[in-house]
Each structure stands twice: as structure tokens, then as C-alpha cells.
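Trainee: Chains as they are written, first to last, in my numbering: chain R, 1 to 338; chain B, 339 to 591; chain F, 592 to 899.
Treat the hints as calculated values from the structure; they're not laboratory data.
Incorrect hints may have been included.
As the list claims (entries may be wrong) - Between beta-carbon pairs, the in silico distance windows are: (1) B:GLU465 with R:TRP287: 44 to 54 angstroms; (2) F:GLU893 with R:LEU31: 46 to 56 angstroms; (3) B:LYS431 with F:ILE753: 47 to 57 angstroms; (4) B:ALA508 with R:LYS223: 27 to 37 angstroms; (5) B:GLU465 with F:GLU893: 43 to 53 angstroms; (6) F:GLU893 with R:ASP290: 37 to 47 angstroms; (7) R:SER175 with F:ARG740: 53 to 63 angstroms; (8) F:GLN777 with B:ARG367: 39 to 49 angstroms.
What you are looking at is a predicted structure, and each value in this text was computed from that prediction instead of being measured.
Even glycine gets a Cβ: it sits at the ideal position worked out from N, Cα and C.
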Amino acid sequence: MSMAYKINFSYHLKRPTLLFIILTIIIVPILKLLNIFTTDTLIIMMSFIGYAAALNIIMGFTGYVDFGHTVFIGISGYTYVLLIWYLEPFNILQHFGSGVGALILAILAGLVSAVVAILVGYPVLKLRGAYFAIATLGLDFAALYIVKSTVPALNPSQFMAAEIILRRDLIVPKSMIFNAVLVAVSLTLLANYIISKSRFGIGLVAIKEDEDAAEDIGVPTTKYKIIAYSLSAFFTGLIGSLMVLNSGGVNEGAFHISHSIDMIVMLVIGGLGSVFGSILGGYIYYWLYDTLLVKFPGINLIILGIIVIIIILFAPEGITGIISKYKIKNIKLRDLID
Amino acid sequence: MSSKILVIDGVTKRFGGLTALDNVSITVREGEFVGLIGPNGAGKTTLFNCITGYYKPEEGRIFFKGREITGKPPHLTTKYGIVKTHQIVKPFKNMTVLENAMVGALFGKRKGISTGEAREISYKMLEIVGLQEKAEEYASALNLHETKMLELARALSAEPELLLLDEALAGLNPKETIDALEIIKKVKEEFKLTIIMVEHVMHAVMNIAERIVVLHYGKKIAEGTPQEIAKTPEVITAYLGEPELALKFVKRL
Amino acid sequence: MSDLINILLINVINGILWGLIIGASSLGLTELWGVMKVVNIAQGETLLLGAYIVIWAYTTLALSPLIGIWIALVIGIVAGAIVYFLLLHKLIGKVEVITLKTEMSTLLIMFALSIILSNSYYYWIGAEPKGLGTWKFFSSTYIIIGGLRLRTNEIFAATFAIILTLVIYLFLNKTIIGKAIRAVMQDAQAASLVGINPVKIKLLTSILGIGITVFTGFLILLHEASITPETAVKYAPIAFAVVVLGGLGNELGTLIGGIIIGFVYGLTKVIISSINPAILSDPFALSTAFMILVLTLLLKPEGLFGRG
Numbered sequence: 001m002s003m004a005y006k007i008n009f010s011y012h013l014k015r016p017t018l019l020f021i022i023l024t025i026i027i028v029p030i031l032k033l034l035n036i037f038t039t040d041t042l043i044i045m046m047s048f049i050g051y052a053a054a055l056n057i058i059m060g061f062t063g064y065v066d067f068g069h070t071v072f073i074g075i076s077g078y079t080y081v082l083l084i085w086y087l088e089p090f091n092i093l094q095h096f097g098s099g100v101g102a103l104i105l106a107i108l109a110g111l112v113s114a115v116v117a118i119l120v121g122y123p124v125l126k127l128r129g130a131y132f133a134i135a136t137l138g139l140d141f142a143a144l145y146i147v148k149s150t151v152p153a154l155n156p157s158q159f160m161a162a163e164i165i166l167r168r169d170l171i172v173p174k175s176m177i178f179n180a181v182l183v184a185v186s187l188t189l190l191a192n193y194i195i196s197k198s199r200f201g202i203g204l205v206a207i208k209e210d211e212d213a214a215e216d217i218g219v220p221t222t223k224y225k226i227i228a229y230s231l232s233a234f235f236t237g238l239i240g241s242l243m244v245l246n247s248g249g250v251n252e253g254a255f256h257i258s259h260s261i262d263m264i265v266m267l268v269i270g271g272l273g274s275v276f277g278s279i280l281g282g283y284i285y286y287w288l289y290d291t292l293l294v295k296f297p298g299i300n301l302i303i304l305g306i307i308v309i310i311i312i313l314f315a316p317e318g319i320t321g322i323i324s325k326y327k328i329k330n331i332k333l334r335d336l337i338d
Numbered sequence: 339m340s341s342k343i344l345v346i347d348g349v350t351k352r353f354g355g356l357t358a359l360d361n362v363s364i365t366v367r368e369g370e371f372v373g374l375i376g377p378n379g380a381g382k383t384t385l386f387n388c389i390t391g392y393y394k395p396e397e398g399r400i401f402f403k404g405r406e407i408t409g410k411p412p413h414l415t416t417k418y419g420i421v422k423t424h425q426i427v428k429p430f431k432n433m434t435v436l437e438n439a440m441v442g443a444l445f446g447k448r449k450g451i452s453t454g455e456a457r458e459i460s461y462k463m464l465e466i467v468g469l470q471e472k473a474e475e476y477a478s479a480l481n482l483h484e485t486k487m488l489e490l491a492r493a494l495s496a497e498p499e500l501l502l503l504d505e506a507l508a509g510l511n512p513k514e515t516i517d518a519l520e521i522i523k524k525v526k527e528e529f530k531l532t533i534i535m536v537e538h539v540m541h542a543v544m545n546i547a548e549r550i551v552v553l554h555y556g557k558k559i560a561e562g563t564p565q566e567i568a569k570t571p572e573v574i575t576a577y578l579g580e581p582e583l584a585l586k587f588v589k590r591l
Numbered sequence: 592m593s594d595l596i597n598i599l600l601i602n603v604i605n606g607i608l609w610g611l612i613i614g615a616s617s618l619g620l621t622e623l624w625g626v627m628k629v630v631n632i633a634q635g636e637t638l639l640l641g642a643y644i645v646i647w648a649y650t651t652l653a654l655s656p657l658i659g660i661w662i663a664l665v666i667g668i669v670a671g672a673i674v675y676f677l678l679l680h681k682l683i684g685k686v687e688v689i690t691l692k693t694e695m696s697t698l699l700i701m702f703a704l705s706i707i708l709s710n711s712y713y714y715w716i717g718a719e720p721k722g723l724g725t726w727k728f729f730s731s732t733y734i735i736i737g738g739l740r741l742r743t744n745e746i747f748a749a750t751f752a753i754i755l756t757l758v759i760y761l762f763l764n765k766t767i768i769g770k771a772i773r774a775v776m777q778d779a780q781a782a783s784l785v786g787i788n789p790v791k792i793k794l795l796t797s798i799l800g801i802g803i804t805v806f807t808g809f810l811i812l813l814h815e816a817s818i819t820p821e822t823a824v825k826y827a828p829i830a831f832a833v834v835v836l837g838g839l840g841n842e843l844g845t846l847i848g849g850i851i852i853g854f855v856y857g858l859t860k861v862i863i864s865s866i867n868p869a870i871l872s873d874p875f876a877l878s879t880a881f882m883i884l885v886l887t888l889l890l891k892p893e894g895l896f897g898r899g
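Go ahead and model the full structure; you've got the sequences and the hints to work with.
Mentor: Okay, structure coming up:
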């Protein structure tokens with residue numbers, strides 16, 4: 001038998017996607033150096049891409065629609081701020097300059113989300129389709145209300161209405177946050193890349209295609225789903241913590257459904273199920289969000305909602321799906337992007 | 339006398355008030371080709387699902403190569419060496435034909451297999467079933483016959499010892515049926531498989547199987563060679579109609 | 592001691608009254624989900640539509656809410672038809688068996704709808720709290736039953752809820768159209784084989800599901816002092832909890848689901864505030880609704896009275 005044929009793993013990250021990832025990681029710092037965008041803009045933009053990529057690990061690869069994903073921003077956000085609050089004698093943030101301290105704490109906060117994901121994931125991932133989506137929504141709201149009711153009890157004078165503001169004497173330069181976010185988002189993108197090239201990733205996609213057939217052919221579906229869910233939670237929490245740092249504090253808004261909306265819309269626009277699509281979706285959504293906000297303030301989200309409806313009805317595979325249908329010089333673009 | 343590869347001991351499976359399997363006991367020896375027949379609803383697919391672990395029986399135990407596998411999940415039984423094809427085909431539609439088979443190779447019996455090795459095994463299986471030309475096509479582009487062959491190739495890529503074929507011939511025209519049977523025979527020979535085949539296409543299964551087990555309303559009502567089965571009164575009453583008709587099927591070999 | 596019992600009773604009873612409200616306001620949702628497998632993510636916003644219409648009729652047209660609700664119903668019926676034709680028909684109109692992919696698409700489309708509605712409210716109505724002000728159903732705001740002070744508006748809402756549930760139940764189980772809807776819910780393929788036109792039924796279900804939800808929006812007004820667009824975010828997930836607990840497509844189940852959740856809410860409030868006053872009892876009590884939701888999905892996904 002011949003080894004000369006070319007294997008074209010559809011779910012294998014093709015070079016353009018890798019290029020896209022590397023480009024993102026390199027270009028963003030360049031943009032900052034050249035002062036083309038403000039540091040804050042870049043931080044927000046990176047977070048969009050990061051969130052999209054993080055959600056992609058569970059939603060894109062396995063097809064499980066997670067409406068309540070924002071719960072991990074909340075859990076990690078509060079953990080992060082509480083960590084800083086109670087670790088103040090050690091001054092971690094200052095201790096490691098240029099963002100390392102911030103990143104380490106964010107990793108810890110992300111791990112908390114990962115653990116929660118493993119614990120709830122085991123029962124909740126037994127549900128399929130809409131039931132899973134609604135269950136995650138239930139989790140988000142349960143967490144929201146529990147946090148809302150118990151956090152003030154920790155420190156009634158300081159944590160009123162479950163809002164925790166970072167200490168005023170804590171000076172966190174934007175460049176430090178930028179570095180940390182850049183690393184966090186890069187890690188998330190690289191994780192996507194590694195997963196898509198791995199046996200684990202193939203198993204996840206098989207789950208998406210036909211979960212029963214995947215289980216029958218040997219894919220350990222339960223284990224894989226939980227791992228994907230908890231990785232997704234980790235990266236969401238990681239980035240979420242840093243964004244909380246960027247905002248200067250956390251409140252119940254961290255659990256707000258709008259974050260889930262952002263993340264899901266990014267994936268839908270970019271194209272559900274593709275790593276390329278999730279990154280593209282992040283960029284496009286950021287640009288779209290910003291443009292609509294400037295040009296049509298007030299009704300910007302209404303227009304966005306209409307766009308999403310049009311995509312679902314007429315282009316359900318998102319922009320990646322549209323691109324896939326074209327060819328350049330006889331190479332089907334579908335074969336190039338994952 | 340070859341060893342017992344599969345022992346089903348007193349398995350009962352209930353769904354609410356319905357008893358799908360009632361105290362079923364079957365022993366299969368290594369290298370056998372067993373046909374599992376019975377009218378619709380007799381419990382054949384349910385039995386397969388109990389073997390693979392998709393269902394857990396309420397009573398009874400199942401042993402594979404001496405090891406108890408009752409209730410172990412499908413992904414584990416696959417790794418032990420039991421692979422099932424589906425009655426209604428379940429291809430991974432957005433993957434290519436080769437990739438479909440590769441999933442089988444990557445998650446099958448062999449541990450620590452590399453992508454390259456998986457590719458090799460899968461391609462070989464595609465060649466055996468005759469799908470190598472379509473390796474790069476998306477699975478959604480195949481017709482029914484090809485998809486059934488893909489199911490088989492994917493199952494074989496997982497390197498099973500016991501292959502469970504669930505109505506693999508359903509929906510095929512006569513020529514396709516003959517082709518499929520040839521491939522199944524070839525595959526059994528080459529990989530030294532034990533095969534249990536659920537089938538409604540009577541002349542095919544009575545022809546190819548060495549031994550037939552008959553289920554009816556969840557109970558095993560008969561067991562024996564195709565010729566014996568064709569003459570067993572209970573089977574004829576339940577299923578095959580008149581005795582002469584039944585014998586004609588057997589004579590059609 | 593009798594003080595504690597008093598507090599317990601009033602919280603539990605108020606909880607149950609609220610439970611009846613959330614039960615009735617979830618009737619539309621259970622129909623949509625049970626019959627068409629369409630989960631109305633925009634449930635909260637749909638309720639608010641009815642509430643805002645009643646407020647508008649009251650403040651702008653000086654019409655009593657008892658008249659305003661019928662205006663809301665008409666608008667709700669029209670909205671149901673629009674939602675079906677614009678959003679749902681393309682996805683599920685001709686389909687007999689709803690696949691996972693279709694289900695997820697409808698899920699996402701209703702998600703988009705909720706974004707549109709929510710932001711429309713913010714834009715055209717504004718974020719300020721709006722309400723019925725001093726309108727009350729009965730001449731006095733409170734009545735005393737058995738030594739407990741209960742708001743008349745709430746009692747009225749609860750009674751309305753029960754009656755509405757019975758009406759819907761009778762319609763769906765005793766009339767021919769209702770039975771046709773039931774048939775489609777059980778087995779769309781079989782239903783079409785016996786001559787029931789699934790598209791018409793789906794259209795009807797959409798009208799029913801959304802129309803009822805809009806109609807019951809005003810019940811929220813009777814419980815909450817005022818509403819903002821954010822109120823939708825509070826009530827939508829609660830509705831899911833009610834419907835899942837009760838069993839999809841089961842009207843009486845929904846009402847009972849509401850009662851149970853309301854009861855647990857009231858009880859939790861009392862327990863938490865007596866155990867640890869530092870914990871805010873209201874949000875904590877609300878969280879129990881979602882714990883019930885998740886537990887039900889895990890342990891008995893068809894709900895207490897589900898049709899499986």
C-alpha cells in the first residue's frame with residue numbers, strides 16, 4: 001500500500017490558521033508599539049478573541065452550546081479579586097513586575113473555574129442539546145445569586161452589593177495588564193491549536209458529529225467532554241480575571257448574560273466549529289461592535305441581533321462557511337481552513 | 339475445540355414495563371459466524387447494545403474472553419475488542435472517508451497509536467472494503483452501500499476480535515448484497531474474527547452463518563445450524579411461515 | 592414563637608402566590624417547548640412586552656389594566672405569528688423530526704431575538720423603572736386573612752393565574768384544535784399522516800405560546816413594584832426552572848412547578864435570614880430555583896408530570 005497520498009484532515013489545523021494565530025500574537029504588540037490603537041483598546045480586542053477561542057474549546061469542538069459560560073468569568077473574577085484582597089500583605093502584583101504576578105494569580109483563579117467545571121461538568125454534560133444549554137444557564141444564575149447573597153457577608157462594610165473594588169493604592173499600569181492579557185490570550189489560541197492537532201481534538205469532533213457512534217468506536221466521550229469543558233472554563237476564567245483587573249474591580253455584572261451573548265455571537269459569526277472561525281469571529285465582532293456603537297448608538301445591539309438572525313437563517317456556518325465555498329486557483333478554500 | 343469468546347448468561351433487559359430481553363443465554367466460540375435472527379422487536383439490537391455496554395442489563399452477566407464486561411461502557415468494550423456497526427448508519431459526515439476510519443484506528447484496540455500508524459491501518463481497511471478511491475471525499479457524499487462499507491471499515495480499523503454486524507445488508511440491492519457478503523467473509527478470514535450478525539435478509543444469513551440463534555419477544559427460542567433452524571417448529575411458526583418455504587431458503591445455498 | 596410562625600407563614604404564602612404567578616406566566620413557554628421543541632430564550636422579554644403594553648395603556652390611554660391586558664393579548668397573538676413566519680418557519684416549518692442541529696439553531700435564533708427585544712426596550716422605553724403606580728385591583732391594598740396581611744394585587748394575580756391555567760388546560764385537552772396540537776407534540780410524523788397540517792399547528796402553537804406569554808406579562812407587574820428591561824433577565828431563567836420541573840407541555844404541571852419553586856423560595860428566605868442575617872436572603876432564595884432547575888434536569892429531565 002502506498003504512503004504517497006496526501007492526508008487532508010479537515011479538523012487538523014491548516015497552516016493558514018496557524019499563521020493567523022501567530023500573526024495575532026505578533027501583530028498586537030506591534031500595534032501597541034506603533035501606538036495605532038490605545039493599549040486599552042488592544043486589551044479589550046484581545047479579550048474578545050480570547051473569550052471566543054476559550055468558548056470554542058467546548059462549543060466549537062464538541063458542539064455543546066454553553067449559554068452560561070459567563071459563570072466562569074464570574075467565578076474567576078471574584079476569586080481573583082478576593083485573592084488580591086487577602087494577599088495584600090504579600091503584594092504579589094508589585095512583587096513580580098511586568099504582569100507576571102497578575103498572570104500567576106489569574107492562573108490560580110482560572111484553576112478554580114476549571115475545578116468547578118469538572119465538578120458540575122460530570123452531571124451536566126450528560127444532558128444533550130437544549131437541556132445542556134438551559135442547565136448551564138441555570139448554573140450561571142445559581143452562581144450569580146449565591147455570590148450576590150454571600151459575598152457581602154464576608155466583609156459587609158467593604159463588599160456592599162457584592163461589589164469588590166480593588167484597593168485604591170494598588171497601581172496597576174496598563175502595560176502590565178497588556179502583557180498579561182497577551183500571554184493569556186496567546187496561551188488560549190495555542191491550546192486551540194494543540195487540541196486540533198491531537199487525538200483528543202479528533203475525539204471531540206467525533207463527539208460533535210455523532211456522540212453515540214464516537215462512544216461506540218472507542219472515544220471516551222464522558223471523559224473528553226469534561227476535559228474540554230474544564231479547559232474552556234480555565235481559559236475563560238484566566239482571561240476574565242485579567243479583565244476584572246483591567247476594570248478595577250468586580251461586581252455581579254461578571255455573571256451577566258451579555259458576556260455569554262458576546263462569546264456565542266462571536267462564534268456564530270465566525271463559524272461554529274472552526275478554530276479559524278473563532279479567531280475571525282473575535283476580530284469581526286470587536287470591529288462590528290465598535291462600529292455599530294459609534295454609528296448607531298442605542299440601536300447597535302438591535303442591529304447585531306438582526307445580523308445574527310440573518311446568519312443563522314441564511315449562512316449557518318458563519319463567515320468561515322461562506323469562505324469555504326470558494327476556490328483560489330483550484331485549491332478549495334474549504335480544505336485550507338479548519 | 340476453540341475457546342468461548344463471548345458468554346451471555348441469563349441477561350434480562352427491561353425498559354419500564356417492557357421486557358426486551360428475557361433470560362437470554364448464548365455462548366459464542368472463537369472464530370464462529372453466528373447469525374442472530376428474529377422478528378422485529380425480538381430484542382436483537384437490544385442484545386447487541388447490552389454486549390457493547392450501551393445498555394446495562396437488569397439481570398444476568400456478560401463475559402468476553404473470560405472477563406466480565408456487564409455494563410462496561412461502549413468505549414471500553416471497544417478497547418477490549420468488541421466493535422459494533424449500526425443498524426442505521428452513523429458516519430461522521432463532516433469528515434472525509436479516511437478520517438472516519440482513522441477515528442476507529444485512533445480509538446480502537448491499539449494503545450498509543452500514532453497518527454501515521456492510524457492512517458496506515460485505516461487506508462488498508464478502506465482498500466479491503468473497496469473505498470480507497472473515495473478516501474479524500476467527505477462521508478456525506480457516499481451512497482448507502484458505500485456508507486455501510488465505511489461503517490465496516492471504521493469498525494475494522496479499531497481492530498476488533500468480535501464484530502457485531504447489525505443489519506449490515508439492509509437496503510442493499512442483490513448485487514451489493516453479494517459484494518458485501520464477500521467482503522465480510524474475506525475480512526473474517528483475514529483478521530480471524532468472530533462475527534455475530536443480525537440480519538433480516540434470510541437467504542444471506544442462513545447461507546453465511548455456521549450457527550443461528552433465534553430470538554422472539556426477547557426470548558431465545560431456538561439455536562442450531564441453519565438447516566436445523568429451518569425445521570424447528572417454533573421458529574417456523576414465529577417467523578418463517580411454512581416449512582417448505584423455510585427449507586427452500588436453506589436450499590438456496 | 593408565634594412571631595416566627597407568622598414570619599414563616601407569610602413568607603411561604605407570599606412565595607406560593609408568587610409561584611402561581613411565575614407558573615401561569617410560563618404557560619406559553621411550556622407549549623412552545625413541548626410542542627415545537629423551541630425554547631423561548633426571549634421568554635423574559637416576551638413577558639415584558641405584555642407588561643409594557645399594559646403600562647402604556649394605563650399611563651397614556653388611561654385604560655384600566657383589566658382592559659389593557661386584552662390589548663396585550665391581541666398584540667401578543669400578532670407577535671406570535673410574526674415570530675413564526677420570520678424566524679421559525681424556515682428552520683422548522685416543513686421538518687417532521689427536529690434534529691439536534693435544528694434545535695440548536697432555533698435556540699440561537701431565539702437568543703438573538705432576546706437581544707433585539709431587550710435592547711429595543713432600553714432604546715425606546717428606557718432603563719427607568721416603570722409600573723402601574725397606585726393602581727390596585729381591590730379598593731384596599733391589603734386584606735387580612737387569618738391574621739396575615741396579604742396584598743390584594745397579589746391575590747388577584749394568583750387567582751387569575753389559576754383560572755388562566757384551567758382555561759388553557761381545557762382548551763388544549765378538550766377541544767379538537769387542542770388535541771391536534773397534542774398529537775403533533777407526541778408524534779409529528781404520525782399527526783401529518785392522519786391529515787393534521789403540521790405547519791398550521793406550528794403556527795398556532797407559536798401564536799398560542801407567545802400570545803399567552805405576552806398576556807401574562809402583566810402578572811409580573813402585580814408582583815414587582817416596577818419593571819425595567821433588566822427584569823427580563825430575572826424572570827426568564829425562573830420560567831425555565833418552572834417549566835422543566837413541571838414537565839414540558841404540561842399546563843397543570845407548570846402551575847404546580849411554579850408553586851413548588853415559590854414555596855421553596857419563601858421557605859429558604861426565612862431559613863437563611865434566621866441562620867445568618869449577613870447573607871442576603873432574597874438572592875440566595877432565588878438561587879434555589881436554579882438549583883431545582885439543574886437537579887431536575889439531572890435526575891428527572893421529563894419533569895414531575897412530563898410526557899417523556
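Trainee: Taking the hints in turn, state whether each one holds.
Mentor: Now the hints, each set against the structure:
1. B:GLU465 with R:TRP287: 44 to 54 angstroms: Roughly 49 angstroms apart at Cβ, these two residues keep to the hinted range, so it holds.
2. F:GLU893 with R:LEU31: 46 to 56 angstroms: Holds: the Cβ-Cβ distance is about 53 angstroms, inside 46 to 56 angstroms.
3. B:LYS431 with F:ILE753: 47 to 57 angstroms: holds (49 angstroms)
4. B:ALA508 with R:LYS223: 27 to 37 angstroms: holds (33 angstroms)
5. B:GLU465 with F:GLU893: 43 to 53 angstroms: holds (47 angstroms)
6. F:GLU893 with R:ASP290: 37 to 47 angstroms: Holds: the Cβ-Cβ distance is about 45 angstroms, inside 37 to 47 angstroms.
7. R:SER175 with F:ARG740: 53 to 63 angstroms: holds (60 angstroms)
8. F:GLN777 with B:ARG367: 39 to 49 angstroms: With a Cβ separation near 46 angstroms, F:GLN777 and B:ARG367 satisfy 39 to 49 angstroms, so the hint holds.
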